[in-house]
Structures are given as C-alpha cells and as structure tokens.
Amino acid sequence: MATLTRGAFAKPGTSLQFKTGDWRLQRPVYLHRNAPCHVACPAGEDPQAYLARLAEGNSQAAWETLVAANPLPAITGRVCHHPCESSCNRGDYDEPLAIHGIERTLGDEAILHGWNYPVRPLSSDALRVAVVGAGPAGLSAAYHLTRLGYRVSLFEAESEAGGLLASAIPAYRLPRSVLGDEIARLLSVGMTFMPRTRLGRDFTLDDLRADHRAIFIGVGNQRGRQWSVDGVVPRDSRPGLDILKEWLSIGSLPAYKSVAIVGGGNTAVDLARVLKFSGIPEVHIISYRAVPGPGVAAEDVMRATAREVRQAIEEGVIIHEHRGVRRLIIRGERVAGVEMVHTKKLTRSAGRRETVEFEGTETILHVEQVIPAVGQEVDPAGLEMLLAGHPFLHPDSWGRLEGFEGIFAGGDVREGAATVSDAIGDGRRAALAIDSYLRNSALPASQRPVVRLNDLNVNYFEPQPRTKIELLPVGERNAEREIEQALPLSHAGIESHRCFSCGECMSCDNCWTLCPDNAVLKTLEETAAGDHYVFDYDYCKGCALCAHECPSGYILMEPEP
Amino acid sequence: MAQQPLEGSQAIAQAVALCRPQVVAAYPITPQTHIVENLAKLIADGKLACELVSVESEFSAASVVLGAAAAGSRAYTATSSQGLLLMTEVLFNIAGLRVPLVLTCANRTVGAPVSLGNDHQDSMAVRDAGWVQLYCADNQEAIDTTIHAFRIAERCELPVMVCVDGFTLTHTLEPLEVPAQQQVDNFVGPYAFARTLKPTDPITLGTVLSHEFYPEVRHAHHRALLDAQEEIVAADREWHALTGRSTGGLLSIEGPPDAQTAILTIGSILGTLADAQAEYRDQAPAKLIKLRAFRPFPVDALKQACEGLRELVVVERAVSLGSGGIIAAEVRAALSEMSSPPRVHSYAIGLGGRDVPMNAYPKLVAAAQSESPPRFAIFDLQPAKLPAEDR
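Same order as they appear, the protein sequences are chains A and B. Under my numbering, residues 223 to 783 are what the first sequence spells out, in order. Under my numbering, residues 18 to 408 are what the second sequence spells out, in order.
Same shape as in the complex, but just chain A:
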C-alpha cells in the first residue's frame, strides 16, 4: 500500500520523460544573419558588431572590430556617404542609427588614445606583395595584406600617401591632422612605403613581378575626362578636380564673380563650396540629376553625398537640377554664360535609360566661367597592357583581372567605383583574393542572408530619436573649419543602444525564458553559432515562439529534415 509523504509532497514523474520533440514539424535554428548595414557597407564593415561592443561599454573592442574591415574609420567617419544608415532597419521604425557619426567617434578615440591595429609581426619568410598607389584602395589592400602576413611594398607617385583623400578633399570635410594621424599609423603596421615612385616612370609592372608574388593596382583615376559642348571648350577652362587639387596644394583659386560647375559628383560640390567660401558671390552647379530628397529615385540622384549637397545649398550654392548645357555663350574669347535646357532620364525599351532634352525649356545663365567636373579616367602610363585601350580596368568583385594572373586592382581605377568606401572595400577584398591565390585556398564563403525589418520583433524596442550631430552654423563656416561636429563618446554609447542587433544574438534570454518546453539551454562556452544558447531538440515542439519573440531575427524556423 502506498504510504503518505510528509506534507503530501510527490516525487514527480518529471516532464523530462515526455520527449515532446517528436511532435515537431519545423525546428528553430540559431543563425547569424547579416544586418543590412553590413551588406550595404562598401568597405565591408559590420556596424552591428561594433555597435554591440560599444553598447557593452568597450570602445576599444568596438574600434578593433571596426578596423578588422576598415583601417581608416576616422576618415570614412567623415567622408563616407554612409549607405549603412540608408539601409538601417531602424530607419523604417523611427530613425536610422547614427552609424557614420559613431564610426568617426571610434576613429577619433583610437587616435586620441593611440590604440594599435591588431596586427601580428611578420614572419621572416613572409611572401612579398606589391601595392601600387597609396590612396584609400592601396592603403586598405596594404593593411589587410600585412594583417594576413604578407610583406608589402607600397608605391606612391606623390610625396605623401592618401591619394584623393589628401589631394582633393577639403579640410572642412576632412581635417589634415586626422588624415595625417590615420595614415601615419597605418603605414607603421609593418609595410615598406615608397613615395615619389611612379608606375610607368620609375618602374614597370614587370619590374614588380620580378620580386613580388602578387600585385595590387590602386592608382586611381587621375586624368580629367574630356569635356566640350559641341566641340567648344571655353578658353582657360580646366577640370574641376585640377582646380581643387591646386587649391589644396598651394592655396590658389581662380577669382570670378560668377561661375557654373557642370557635374553632380563630390568634386563638383566640393569645388562649389570652396569657391563660395572664397567669396565668389554666384556659384552654380548644373546637374543632369536631381538634388537628393524624399521620393527621388536613387538612380536619379546627384552622385555627391546627400549631406554635402544639403550643406552646399545652405551655404548659398545654387543647384540647377535636371539641367544640361545646350550651348556655351562666348563673347569674344570669354565665356559670358551658358544656355541650359531641362533634361530628364527616361527609360527606353529594354530598360535602357537615355537623357532627353526638352525643346523650349532653354534658359540663359550668365556666368564668367564654366568648370567641368564630369569625372576622371585612368592615366594609362604603365598600365597600357592591362587597359588595352579602355579608359578603366574591369576587375571582378575580388579585384582579379581576367588573363593577368597575380595582378589585382581596385578603387577608382575600376569602372564604377565612386567613393572612398568603395576603394577601401576593393582593397580589402583584393587582399583576401591575393591571400587565397597565394595559398591556393578557397575564397571566403558567400554572404549570409540579410535581416529585414519584418524579420525583427520591434515590440521589444522603444521608439527613441536619433542622436543629433551638430553642424557649424552657416555663418561660421569656411573652407578650413570642420563643419560636422564630433559625436561625444557618451552620446555614441547611448546611440549604440538603439541598434536592433539585426541578425545577431544579443543575449536577451527571450528564447530561454519563453520556451514553453524549457527546450532552450544556456551554455557556459560559446557555441558554434557564437552565442550561449542551444536547442534541446528532444523537447522542442517547434512552436516557433522563440523565433517570433527573438527581437533581432537570430532564430530561423526550418522544415524538419
């Protein structure tokens, strides 16, 4: 006969005996998916990863995570057009994270505290790799190659490294001291830097091949593209980039009362602002494309960074969007103005887009000079064999040039590259490809799937406005003072807590807490997925509660195998 227990307690037949896992039709899996900011970053940064480190209060770890992809955050944190923010899932919820400002803050902290890049010393038998061009692409390639254990020779035609960063970006966007500090530290990680050594003049590709196992070409596009209106070129007209470079190197600027710059890229906008700061009363930009704004299709927007366009307009630069130059008005030998015409890009058959000029919309703009800023092309010196008559190189996404084994290329030398971040990303990918080529190993695996807003459970996030980044008031701006102000580290820390942690576990314990079968177990050691949870499939019924309640889209439901 059964006997009583004290207090009538019972030895339960534990629920562990009911292996409810065999009810399951689908199973949850932990899967680190990509945050859209990561996918959008041309340089290959994973902002979610460094925001998480920053949110933990470890700004140095955040910076180290950041520079694992991009060694120049203090620079890109100033000049990048930040597609990370445009793609941020939070943008569809309240406002995107201020990733660009945080990147700069981390870069500046590293300079302030003298943090070192996480680079190991080279071994004595390290293979030699040549990098030609010390602009953002070459610097990035050289840095990543050094990290990967290669002995890098970095050749630069000019007397200092930086490429367009040094020669064409005004100080109000990128202070010289920041540029100098960031590049000096990068050059000191263990590469050999050879300034004033120009490809095609001082050495040839064959010279390099003789004592290097691989070559990266990052020489940029140095030559202003030919520009004329029906074959007419105004007297004294010089490419906008040349004017900008001359001003940056010797401080001289042409003096006009009014000027029209043709083009919609960063050169056009930078030059327009520099001219405006120099006191020219009337500075016009004539662009086929539109001023960025809500509802404007991405392919129709001026190529210049949106915030730079916004600031230029604030400062009084007049932008004529959707306009082309129909005719130059020349009086004697001097420019007296241009005739503009309304244009629009229309999609023709087979998706081909064509710029159409509308008859009868011509207007006259009286200006003293017209400056073309319509882009550059590659200076072919030393690259004749690779270019084969084309204005640009056409490497694949890993920088490989078909038919030229061991030669890789990236940055502005590539057709389609447009930004500093593109160049940094090209350099990084080419470094990985060189490593794979020299080790005869596979390239890194393809991308993980991307997490979108509807993959998240935003009920777990409070609406919170984005941290404001202060700008100098228009009246106080000039060409030398940095216009965008720093985001203080404390604000950056607060901002980092807004991150949705798209696709990555943030150890919130929701799955562990809410699983009705206690089928989520916590581990002391980090799991293969990189978190501290495992599913106990003996008990998981596949109810998907965990996946639904995961704030960050880190749990996927998969059909039972």
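Do not take every clue at face value.
Think about it this way: if two alpha-carbon atoms lie no more than 27 Å apart in a straight line, the pair counts; the simulated DSSO-like pairs of lysine-lysine are [claimed, not checked]: (1) Lys215/B to Lys744/A; (2) Lys233/A to Lys763/A; (3) Lys215/B to Lys763/A; (4) Lys498/A to Lys479/A; (5) Lys380/B to Lys402/B; (6) Lys241/A to Lys380/B; (7) Lys233/A to Lys215/B.
In short, the hints are calculated from the structure, not lab data. Given the structure is predicted, the values throughout are model-derived calculations rather than measurements.
Given chain A, put chain B in place with the hints provided.
Frame of chain A; chain B shown alone:
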C-alpha cells in the same frame, strides 16, 4: 550580557536578525511596521545578509516566504490583524505543506469596528491553520521566543507564529538582553529543509490529494503539532541552560502552591496580573497560570497545573462570538478528563486595547468565589454604555 534599552519591535528585529534569515517579505501594517523597518535597516546597513522582498499585500508576503523556505532559505514575515487574515489562505498552505517558517503577529483586534487596539482576535481567528502559536508576556520573552521559534519550526517542520501584543509590547521601551550571535548560531543551527525544491532532484509540493490520503494527512499534521510540545519544552530548557532565562515552556505557574484559586491567562496582561498578585498577596491569594503555547494546546500540562484547584478563572483577550471564551472552552474540555476538575470561569478582558488595570486582579479572584458565575462574560464591560436593548 548587559541589558540595553530597546523598543519591543527593535528587540524582535534584532532577535530575528540573530537567526540569520535569508529572505524577509512583509507588508506594513500597524503595529507590526517597526519590526520590518528595523530589519530593513539592518539589511541596508549591511549588518544582515538577507533578501528583503517588498510586496504588495500580506497574501504575497506569506507566499514569498513560503516559496523561499521551500526553495531552501530561512524565511520570516510579520503582520497584524487584517493583514494576518489576508494571509489566511497561505497560512493554511504553509502549515499543510509542513514548511518551517516564523511569523511574528503583533496582535491587534480585527475590524469592524476598525481599531488599532490590542487584543488577540487576529491570531485566535487562525488558531486552526495548523501553526504553532506561542504568546509572549513581555519583550524579553519576545526576543527569546523568536529565537526558539526558528529552532522549533525547523525541527518539527511546522510554522511558528510568535504572538506579541501590539503597542503594549511592540511600542514599549524597556531594558532587554539581546543574546550573542554565537549563542544563537549554536542554538538554532543552519537552515536545512528536507524537502527543499531543487532542479536536480525535483519534487512537487502542494499536490492535489484525494480522500484516499486526506484523513491521514490531517492525522499526521495534528500529531506533529502535539509532538511539538516536547520540542517547545526542550528549547526552553536548553535556552535556560545557555542564558539563565526561561519563558515557561508550554505553561508556567506562579504564586502560593496551596492556593485553590487560579487565574489562567495569556500574553502581556500577565505582567499586570503578576504585579497585582504580589500587591494583593494577602488580600486575594491565587495562583497565576501563564499559558504560553496555545497551539499545540498543552492538555496534560494544564491538567497537572490544575491539580488541587477549586476555582480556575480563564481570562482572555478574544471572544468566539456566539460561543464565548475560546481558551476557556478548550480548558473546560481538557479538564473534564480530571476526576475532580476545578470550576472554570470564563471572562474576556481588554478587548480592542482597553486597559487592564492592577485592580482587575482582586476583582477576578472575588468573581471566582461567586455562587452562580456566568458561563461567559466580558469582565470589564460597562453596561451603561450599551443601548438599552443590548444591556
């Protein structure tokens, strides 16, 4: 050990702290509040390592300490009056599950009518919840009984309610001896509950039980309470050996051994009556029976104490409405087993905090000699205050 002036509540808090509770949960109610405030201060000052759980009601307070004790922590709570009644459901559960806990009831009457005054209506109302109930005559006893309570509770696996008269004891300053930590540690020992809930060896407390086992459960619980008498006596005896102080075990007797009249009472009016006993020694000689343990009800000790008595006046601070004296009814039942039991007189006194003066003593002794005593009466009733129809 030197005496120090302490408020009753402060003394009780120090006694609780000496027993090293790991969880305290309570909801404030007059006159209990100072006890928990003092404990909170000890915790905040880092003098007591304990989780203080602020709850939203007495029901939760009792539930928290029930859970804490079942999960392996020594736990404590305190309350009064309506608060105790709000806990009632949980009080039955705690006892039925045989979970050791200590609760201080700062006795206060129960509304309506609302009053803060002291009597025993609250603890008497839950007398059948299955708890040990010990009543304290003064604040030194409150200290000592609190310490005994943890040991009794844990050895018997029964919850213990230490009943302390509200205001009369809780809010009175007097010179008191607080024992040394080492003494208490040795006396109480570490908390170890045989049925601690732990994930590694799961058991279910509070299962549904059918009639198949229900009578057996009640028998076992009743038996445990009866057996607790030994532990109550043993605790007092050992404590006396350690400190030189006795609180009287189940009950104690004072006064002339040959007196044939005795007054039996409970709680703090014992102090008044003891003083009066000395004062009126010649005029109204009588024994004073101090009942300390009301649950378990010490039938055998009581019979022994009443041997040779002719008149026994039971004076109590609660009333079973529609029946009469609560203690008196149980005394009558117990003494009916005697071959020549004394006549039992049943009086309530000091209800709702009405003062019990020294001269109540000779009046009670005189009433015991009455030819035809009432079956039950409120001794200090002032009939003139009643509406005519209720006199």
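Hinted pair Lys233/A and Lys763/A, Cα distance within 27 Å
25 Å, holds
Check whether the Cα positions of Lys241/A and Lys380/B lie no farther apart than 27 Å.
Status violated; Cα separation ~75 Å.
With the threshold set at 27 Å, check whether the alpha-carbon distance from Lys215/B to Lys744/A stays at or below it.
18 Å, holds
Taken at face value, is the distance from the CA of Lys763/A to the CA of Lys215/B at most 27 Å?
Given that 27 Å is the threshold and the Cα spacing comes to 25 Å, the pair holds.
Does the structure keep Lys498/A and Lys479/A at a Cα separation of 27 Å or less?
10 Å, holds
Sort out whether Lys402/B lies within 27 Å of Lys380/B, counting only the CA atoms.
Within the cut-off at roughly 20 Å; holds.
27 Å limit on alpha-carbon distance, applied to hinted pair Lys233/A and Lys215/B:
Holds: Lys233/A and Lys215/B sit about 12 Å apart, inside 27 Å.
Against the hints set out earlier in the document, a violation occurs for number 6 only.
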